[in-house]
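J.: In order, the protein sequence lines correspond to chains A and B. Heads up, the first sequence is in the working numbering, so the first residue is 64 and it goes up one at a time. Heads up, the second sequence is in the working numbering, so the first residue is 3 and it goes up one at a time.
Hints are not guaranteed to be accurate.
[As the list claims (entries may be wrong)] Calculated cross-link-like contacts (lysine-lysine; reagent style DSSO-like; alpha-carbon spacing at most 27 Å):
#1 A:Lys348 <-> B:Lys136
#2 B:Lys132 <-> A:Lys78
#3 A:Lys74 <-> B:Lys60
#4 A:Lys70 <-> B:Lys112
#5 B:Lys17 <-> A:Lys348
#6 A:Lys78 <-> B:Lys112
#7 A:Lys74 <-> B:Lys112
#8 A:Lys78 <-> B:Lys60
#9 B:Lys131 <-> A:Lys70
#10 A:Lys80 <-> B:Lys131
#11 A:Lys78 <-> B:Lys131
#12 A:Lys70 <-> B:Lys79
#13 B:Lys136 <-> A:Lys80
#14 B:Lys132 <-> A:Lys80
#15 B:Lys111 <-> A:Lys74
#16 B:Lys155 <-> A:Lys70
#17 A:Lys74 <-> B:Lys131
#18 A:Lys78 <-> B:Lys111
#19 B:Lys155 <-> A:Lys344
#20 A:Lys70 <-> B:Lys60
#21 A:Lys70 <-> B:Lys17
#22 A:Lys74 <-> B:Lys155
#23 B:Lys17 <-> A:Lys74
#24 A:Lys154 <-> B:Lys60
#25 B:Lys17 <-> A:Lys347
No lab work stands behind these hints: they were computed from the structure. None of the values given here were measured: they were computed from a predicted structure.
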Amino acid sequence: MFFHNFKYSLKTTLKNKNTIFWTLIFPIALGTFMYLAFGNLFEDEMFDAIPVSVVVESENKTFEETLKQLDKKGEDRIIIATYESKEKAKKSLEDEKVEAIIYVDDKPYMEVLSNSFKATVLKTVLEEYEKVNKVVGDIGEKNPLNIGKAVETITAGVQQYTSKTTSEGNQDVYTSFFYAIFAMSCLFAALTANQKVHSIQANASALGMRRCLSPNSKMITVVAEFLSLLLIQFVIELITLGYLTVLGVDFGEHYFLIMLVLLFGASIGISLGILIGAVVKNEKKSEGICVASMLFLSVLADLMIGGIKYTIEQKVPILNRINPATLIADSFYALNIYDTYDRYIRNIATLGGMSIALIVISVLVLRRNKYASL
Amino acid sequence: MSKAIEVTNLVKRYKELVALDHFNLDIEEGEIFGLLGPNGSGKTTTINCILSLLDYDKGEIKVFGKNMRPNSYDIKKDIGVIMQNVAVFDELTVYDNIDYFCGLYIKDKKTREKYVEEAIEFVGLEDYKKFLPKKLSGGLLRRLNIACGISHKPKLIFFDEPTVAVDPQSRNKILEGITRLNEQGATIVYTSHYMEEVEQLCTRILIMDRGKNVAMGTKEELKKMIKNTETITVEIPLLEEKHIAEIEKLPHVYEVKYDNNRLTVCYSGGKHNLVRVLEYFQNNNIGFGRVYSELPTLNDVFLEITGKELRD
């Protein structure tokens, strides 16, 4: 019975030209657009160190040492720091001689004129410093050697935006944009799953009613639908990956692990769609909730605009640990930045675990075969 | 004969509205049982409760002598349902649709292929096997809907208004098919608000109104429940009052109306009523045009019992 359902679920999905077209065309079109718009830009522009004014408001030796390391001449130089008074620094910023003023304090902060690319890089420097400082504790006081590690991590974070790298991962500056496309494409598989789940509920469609009358368990139907959608979505992601690779986007050397992220990413998108479809009976409302949820999760994961993820990390870090969009994007990030796979494995395991949990909840919701009204 | 369906004291409420009010029903195996009632009378709700799709507030439902529950798979495998709304996959061809639904009941591939072919032949869709549903006319689509519901050769088949919006040719084909299914041994439960269909098909009929069992029996038994046994209508250009009074005195006449040059005479029992009224016209030199004699319909039964038309 499972294979019968699986076969026909594949058939109905593949023959739904609208669904297939949009599921495939969305990542490919957006990927092509990104490639055409930013490809040459990043290829041509090598990263130059950013001039900044540094104002010491109160002593923070660790941060000052970190800045010193970032200011070291060489290929990895991130900033060109000028220590000056607050007034002079403000004047330099106004005259656009520097990109920002970095204030050395117990909690370093900065001032910029606009949200430029370079300002984003500097912001990342501060964010990464905060993160590392939080994780390692007093970076300098307990073990001065930690400063070196901190600088490495900060540089790694900054290299998301620059064309430099510390690991054997990808070399391209803008690959993270493509990872965002993959993450969103995986999440938007929820829409197809949502449609599918309505066709197995008696209170949602005539087709669902007929299928409910058959002598079969709901679990078999749900699992068959899930796996068929997973197979299709995964193939679509692979086609996109292949297409972008042929186009010239460099995804590094971890192709197998990237594919694994795509598989688990598609899985979480589909299970989310199934759960929303199982809970919300009205198809239009359910679709709306699906789209809104996916957009919301993407925004929280910084896939559309930057900055929110960091704030969440500060205030409610658990949200970043369970937001599927963050987990997918972070898996790519971890793969290409860190030399160890701990973070990658943790993300993948969370995605897999959440998928299973969502499917189990959906089956429990759908198992209630008797309805109050039809 | 054993019972296919037993419904006892069934109550179903939708908030304030009582959709089924202590409803009782017994259907014998091998019957074509008609559920007749106006829209909103509770026919579809009854079926959905029997099929264990709908929760109900009170009562007991047995199918083939066993309590019906959502997971009564042993009972469900013997049930086929043809719903009011066409329930097929738009993406699958006629053949694939039937194969899919048949496959939910029949595991053996060879048997399934045979059943699918038989179902296609049964509904006369041999020339449309590779068509997608959107390419079919309304009538053909209804036939596909039927094929999907009967391909697994169920012992109990529910037809819920299967002829709504269907052309006369397809309608006849559907009704003939239902009779053939019954001849092959299936018990049929047929719901409709088309009384002619119910009269034509069903061996027993239950008339429903506002979730209640209003009357039940064969069509003859139902018609015996009411006063009227025959209505004769005669076109007469001019008829004097005294003749109307005379006609009222004829045997078995209980009501006479003369309106718009039409005389309507209602009878309660008696034979040769038409002959007698025509003799009266001849004896009194009364000229007349067309004459109609109508036996009571189920609508008359419904009208007399509930005070309203079936199609209100």
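J.: For each hint, tell me whether it holds in the structure or not.
T.: Consistency of the hints with the structure:
1. A C-alpha spacing of about 26 Å is found between Lys348 (chain A) and Lys136 (chain B), which places the hinted pair at or below 27 Å, so the restraint holds.
2. Restraint check: the Cα-Cα separation between Lys132 (chain B) and Lys78 (chain A) comes to about 14 Å, which is no more than 27 Å; the hinted pair holds.
3. At most 27 Å may separate the alpha-carbon atoms for a hinted pair to count; Lys74 (chain A) and Lys60 (chain B) exceed this at roughly 42 Å.
4. Distance hint between Lys70 (chain A) and Lys112 (chain B) is fulfilled; the C-alpha atoms sit about 17 Å from each other, no more than 27 Å.
5. Only pairs whose Cα atoms come within 27 Å are accepted, and Lys17 (chain B) paired with Lys348 (chain A) is accepted, the gap being roughly 23 Å.
6. Note on Lys78 (chain A) and Lys112 (chain B): the hinted pairing holds, with a Cα-Cα distance of about 25 Å set against a maximum of 27 Å.
7. With a CA separation close to 21 Å, the supplied pair Lys74 (chain A) and Lys112 (chain B) stays within the 27 Å bound.
8. Of the supplied pair hints, the one linking Lys78 (chain A) and Lys60 (chain B) is violated, its CA atoms being roughly 44 Å apart against a limit of 27 Å.
9. Using a Cα cut-off of 27 Å, the hinted pair Lys131 (chain B) and Lys70 (chain A) holds, with the two alpha carbons roughly 19 Å apart.
10. For the hint linking Lys80 (chain A) to Lys131 (chain B), the alpha-carbon distance of about 21 Å falls within 27 Å, and the restraint holds.
11. Between Lys78 (chain A) and Lys131 (chain B), the direct Cα distance comes to roughly 17 Å. Compliance with the 27 Å bound is thereby established for this hinted pair.
12. Among the hinted pairs, Lys70 (chain A) with Lys79 (chain B) is consistent with the structure: their alpha-carbon atoms are about 21 Å apart, no more than 27 Å.
13. For a cut-off of 27 Å, the pair hint linking Lys136 (chain B) to Lys80 (chain A) stands: about 14 Å separates their Cα positions.
14. Annotation: proposed proximity of Lys132 (chain B) to Lys80 (chain A) holds, straight-line Cα distance about 18 Å (limit 27 Å).
15. About 18 Å separates the Cα atoms of Lys111 (chain B) and Lys74 (chain A), which keeps this hinted pair within 27 Å; it holds.
16. This hinted pair checks out: Lys155 (chain B) and Lys70 (chain A) have alpha carbons roughly 23 Å apart, not beyond 27 Å.
17. For the hint linking Lys74 (chain A) to Lys131 (chain B), the alpha-carbon distance of about 16 Å falls within 27 Å, and the restraint holds.
18. Using a Cα cut-off of 27 Å, the hinted pair Lys78 (chain A) and Lys111 (chain B) holds, with the two alpha carbons roughly 23 Å apart.
19. Restraint check for Lys155 (chain B) and Lys344 (chain A): not satisfied, since their Cα atoms lie roughly 32 Å apart, outside the 27 Å limit.
20. Proposed proximity of Lys70 (chain A) and Lys60 (chain B) is contradicted: the alpha carbons are some 40 Å apart, above 27 Å.
21. Under the criterion of a C-alpha separation no larger than 27 Å, the hint pairing Lys70 (chain A) with Lys17 (chain B) is inconsistent with the structure, at around 41 Å.
22. Taken as a hint, the Lys74 (chain A) and Lys155 (chain B) pair is honoured in the structure, with Cα atoms around 25 Å apart against an allowance of 27 Å.
23. As the CA atoms of Lys17 (chain B) and Lys74 (chain A) are separated by approximately 41 Å, the hinted pair breaks the 27 Å bound.
24. Straight-line distance between C-alpha atoms of Lys154 (chain A) and Lys60 (chain B) comes to about 82 Å, which puts the hinted pair past the 27 Å bound.
25. Straight-line distance between C-alpha atoms of Lys17 (chain B) and Lys347 (chain A) comes to about 25 Å, which keeps the hinted pair within the 27 Å bound.
The earlier numbered hints that this structure contradicts are 3, 8, 19, 20, 21, 23, 24.
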